[in-house]
Each structure stands twice: as C-alpha cells, then as structure tokens.
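Student: Whenever a hint applies, use it, and build me the whole structure from the sequences.
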Amino acid sequence: MVIFITSESAYTEMKEILLSAMHPVWVSAGVLQEFEIENLLNKGIDVSVLNYAVDTENRKDVECAISTIKEHHFGENIWVQIENKN
1 MVIFITSESA YTEMKEILLS AMHPVWVSAG VLQEFEIENL LNKGIDVSVL
51 NYAVDTENRK DVECAISTIK EHHFGENIWV QIENKN
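When we follow our numbering, the leftmost residue of the sequence shown carries the number 1, and every step to the right adds one.
What the hints contain is simulated information worked out from the structure, not anything from laboratory work.
The reader is advised that the hints may include incorrect statements.
The calculated PhoX-like cross-link candidates involving lysine-lysine, where the alpha carbons are at most 25 Å apart (straight line), are [unchecked claim]:
id, residue 1, residue 2
1, Lys-60, Lys-70
2, Lys-15, Lys-43
3, Lys-15, Lys-70
Tutor: See the structure below:
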C-alpha cells in the first residue's frame, strides 16, 4: 500500500501507520513543513513530495497525482483521504 497525504488531517489520521515505515508515502505540496518531511526521512520512511498542491475536490488534480504515484509503485494499492467538507 502507498499512502498519499493530501491534507493535515490525513497526516494526523495516518501518522502512526506512517511511522511504521512499512509503506511508501507521497505528500501533496504544502501539507507538511520541510522539517516534518526531514523528520520522516530521518526515520527511514520512503517519502516523496509532489511539486504541486492537490485539491481533492478537483478530479483532474487527483487523477494526475494518482497517475504519478502509479508510475512509481505499479500494482500497489493507494490510500488517499478525500475530505468531505460539503
């Protein structure tokens, strides 16, 4: 499983699983601060940060990000939190 973090609430919700370092993690730009990313990397977690922010209410944003993740993790399931704000 690949974990795709698109918001601070997704990070909070998945933090315990992330810290297990058992799953690769992708992060939307702007969700975590640089020191938070460095902390994850220093704990041996496979972290990739997109160079753009993903708006989960914008289908094209999500599809683009998922496509990129699939290229790097072929055949793996991808967990992503879609916030239900409305």
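Student: Each of the hints needs a verdict: does it hold here or not?
Tutor: Okay, the hints, checked on the actual structure:
For a cut-off of 25 Å, the pair hint linking Lys-60 to Lys-70 stands: about 15 Å separates their Cα positions. With a C-alpha separation of about 13 Å, the suggested pairing of Lys-15 with Lys-43 holds against the 25 Å cut-off. For the hint pairing Lys-15 with Lys-70, the CA-to-CA distance comes to about 22 Å; that is within 25 Å, so the pair holds.
When each numbered hint is compared with the structure, no violation occurs for any of them.
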